[in-house]
Amino acid sequence: MLRIGVDVGGTNTDAVVLSGREILAAVKVPTTADVTSGLLEALGRVQELAAIEPHAVGLVVIGTTHFTNAVIERRHLSPTAVVRLCLPAAQCLMPMVDWPADLRAKIGDHVFLASGGVEFDGSPIASFDAADITRIGGAIRARGIDAIAVCGIFSPVRDQFEREAGELLAAACPGASITLSSSIGQLGLLERESATILNSALLELARRTVAALRQGVSACGLDCPMYLSQNDGTLLSAALAERFPVLTFASGPTNSMRGAAFLTGQSSAIVVDIGGTTTDVGLLHQGFPRQAGTTVDIGGVRTNFRMPDVFSIGLGGGSIVEEGGSAPRIGPQSVGFRLTEQARVFGGQVLTATDIAVAAGRAGIGDRARVADLTAGFVGQCEEIIERKLALAVDRSRVSAEPIPVIAVGGGSVLMRDRVAGLNVIRPAHYAVANAVGAAIAQASGEVDRIYSLDTLTREAALVDAEREARQKAVASGAAPESIVVTEREDVPLAYLRGNATRVRVKVIGDMRL
Amino acid sequence: MRQLSEHDIEALAIGAAILGTGGGGNPYIGKLRALQDLRNGRSVTLIGLDELDDEALVLSVGGIGAPIVSIEKLDEGREGERALRALEQFGGRKIDALISAEIGGGNAIEPLLTAALTGLPVVDGDGMGRAFPEMQMTTFSIYGHRSTPAAVADERGNVVLFQHSISEVWFERLARATVVAMGGSAIGAEAPMRGSYVKRAAVPATVTRAIALGEIVLGANRDHVSAIPLICAQERGRHLMDAKIVDLKRHLRGGFSVGDIQLEGIDEYAGSRAHVAFQNEFLSFERDGRVEVCVPDLVAILDVDSGHAITTEVLRYGQRVSVLGLPCHPLLRTAEALAVVGPQAFGLDGITFHPLGDHPR
Chain V
1427 MLRIGVDVGG TNTDAVVLSG REILAAVKVP TTADVTSGLL EALGRVQELA AIEPHAVGLV
1487 VIGTTHFTNA VIERRHLSPT AVVRLCLPAA QCLMPMVDWP ADLRAKIGDH VFLASGGVEF
1547 DGSPIASFDA ADITRIGGAI RARGIDAIAV CGIFSPVRDQ FEREAGELLA AACPGASITL
1607 SSSIGQLGLL ERESATILNS ALLELARRTV AALRQGVSAC GLDCPMYLSQ NDGTLLSAAL
1667 AERFPVLTFA SGPTNSMRGA AFLTGQSSAI VVDIGGTTTD VGLLHQGFPR QAGTTVDIGG
1727 VRTNFRMPDV FSIGLGGGSI VEEGGSAPRI GPQSVGFRLT EQARVFGGQV LTATDIAVAA
1787 GRAGIGDRAR VADLTAGFVG QCEEIIERKL ALAVDRSRVS AEPIPVIAVG GGSVLMRDRV
1847 AGLNVIRPAH YAVANAVGAA IAQASGEVDR IYSLDTLTRE AALVDAEREA RQKAVASGAA
1907 PESIVVTERE DVPLAYLRGN ATRVRVKVIG DMRL
Chain E
158 MRQLSEHDIE ALAIGAAILG TGGGGNPYIG KLRALQDLRN GRSVTLIGLD ELDDEALVLS
218 VGGIGAPIVS IEKLDEGREG ERALRALEQF GGRKIDALIS AEIGGGNAIE PLLTAALTGL
278 PVVDGDGMGR AFPEMQMTTF SIYGHRSTPA AVADERGNVV LFQHSISEVW FERLARATVV
338 AMGGSAIGAE APMRGSYVKR AAVPATVTRA IALGEIVLGA NRDHVSAIPL ICAQERGRHL
398 MDAKIVDLKR HLRGGFSVGD IQLEGIDEYA GSRAHVAFQN EFLSFERDGR VEVCVPDLVA
458 ILDVDSGHAI TTEVLRYGQR VSVLGLPCHP LLRTAEALAV VGPQAFGLDG ITFHPLGDHP
518 R
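As given, the protein sequences belong to chains V and E, one line each in that order. Each residue of the first sequence is one higher than the one before, starting from 1427 at the first, in our numbering. Each residue of the second sequence is one higher than the one before, starting from 158 at the first, in our numbering.
Derived by calculation from the structure, the hints in this document are not laboratory data. You may find that some hints are simply not true.
In silico lysine-lysine, DSSO-like type, Cα no more than 30 Å apart, as pairs [stated by the list, open to error]: (1) K406/E <-> K1815/V; (2) K1454/V <-> K1815/V; (3) K1815/V <-> K401/E.
Looking at chain V on its own, in the form it has when it is part of the complex (with noise of 0.2 Å):
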């Protein structure tokens, strides 16, 4: 079965097709701003140039950024009303305290807080209070707003009250959608609950926009699965993707880094991801993105999903290059994706790094006359400079003093020298589309993080369950049962609850049944 990966980007959509480990075709669109007409036009071309029938298409995987750039423009949010099941607790911060003013805007103050969360062994803080949760779904109604986050203290332990709770606003606002922490989200209360806002703000502008990538998908003849990539380089079904959108926000650099791996074969290397105005660096582990420890910012609000740990540097394709003082400044400003217009050795007036890169001989691309002005000390200037921060970003993501390999992908990787911080740069085909292969790549996963009381049961008996726990949600996202694995397993000790309580996070992964 052949697999198409699709990356919908700000500026471009890009399209892939996968039969097994090769690649048959790559094309790269510029994004539409009804998502439809761009997608349709990459799928269209890609299968026309792979010269291949939609029936021998066996899956669509989407990687799209859309949902992170509402929340960082602010735009397609709706009002939402945040229920929290907490008291007597956690009276003393209110929801979207630490959140900017502009985006609380968005979401309005429609602000509830009901008994029914519990303690970190699963018992309730106070009775739950049905009554007091249909009363609170009148007020809602009231005011009109359909879009609803209900958040319990521990509920990522036991989530039974977040359910009730969901049901019984469902029965008193008909219609309203709602999002309950514990399917998103991991312990940190104001964390959970600020993702649980931004996803219940999002429902709208998923249902429509997966409703266009359905569109696109099928108007061009393909009626196979679809899916969307997520966070972690897994899949999430096209229907999970409707009512979990938040879970798609950090897939960009993680298919780029997956994508890498895959046109390498590497399943342990350091990934340099240089775009226009940016370069991400992160690192590859066992083919999978190390994730990052600490809260992620998104659009200024911090969330603690599980995201690749990319280290961002001002530095691109299109950085601008200044002259004057001692030494030349290149970076962070940037000519963007008006590389193609502005800079010098395409026409234009601003000197960028990739007129360094052509000046150097090692990009053939433009017109090399444009930049010969530059003297050689100035070039070797400026080539040192951009060896040191791409040193610097590298070394930064080693996790051991082994050698490693690092992988150079994206538009701008013409910058990378073959040796960096004394290792080893691969430059891979098709290093353009990386982000569109890691979508057609990735398989099926399942997650468990809990604490678990251990006054009646063992360690082991609890790594146990989270992992059967595990399997059975990879298996509900689509893995063949044989083929999973598990990728993490970690139990941490509470401190001060010595022996009494653990935390036990296991992650399995498994390939797609196609």
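Got chain V sorted already, so can you dock chain E onto it with the hints?
Relative to the frame of chain V, chain E by itself:
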């Protein structure tokens, strides 16, 4: 005496994290709460030790429990006030001022929250001048003050009063058991101290110093200069090394995060190697087989670019850090203090404490 501003709170959170030397808990939630209090028209007054009446009753208030619980089950908000009222009722006397037992990390801010609710002033000082992992490691406790009678309060309204414990270790044991029963996180207040004792036993001016540290970092970031030499100048500290973390061993022992960090010098420190041992907090800095800094002096590990503190939980291979040695207060360098917070108390056998210069006055 002065009122703390929103800017002071922002700076305090940054400075408290630096004095936390890798531990002490994250001040983020506390910072948000203190800022909210100020925006809602409440105020926090800071008074110097010299402004404290000898007969005043001073109460230390702080969070007790598992950090993971405290970021999930946030406080109701008046736990500290309830613990305070319980001790007032038991002792038959009003409390006059509040103080932090530990300026390093999250507990730097806890007394400010109770102060905003009750209108009581916060004393400019604390019981450690840094962070330590256990309750008996305060100068209050070292110089003879007993923690009981003490009170622990939860979000429901439960308040447990510990009338008397036969030792500090017993108090710690009983308080922990209570906190676990309360759900793993609570606010505790230890026996009120006389103003005259606080003047003698508290590490002075640490709130002001933490705020000044935070201001240095904020100012340096704004002006795009390095905060490291400015921090060293204020604290009379030593810039030990700029380094890259080249190895990191970490395990859990008795509820503590214990480990060792290998460092390789960068830039002007290229070619030298060192290592830092930690148990929740950084304990010692050793280079070329010689321990250059150890507890109770402070070993701070800061981001080489921003000057912000790096805690033990987010340490990782490849990080580029500045390592600083900051002298602790003389109150932590006496024979009595070294028995409780010196290298041997942390299992650093065979290491003798050699003070790292003078503490700033």
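Status of the hints after comparison with the structure:
no. : hint                : result
1   : K406/E <-> K1815/V  : holds, 29 Å
2   : K1454/V <-> K1815/V : holds, 29 Å
3   : K1815/V <-> K401/E  : holds, 16 Å
Figure legend: structure checked against the earlier numbered hints; every hint is met.
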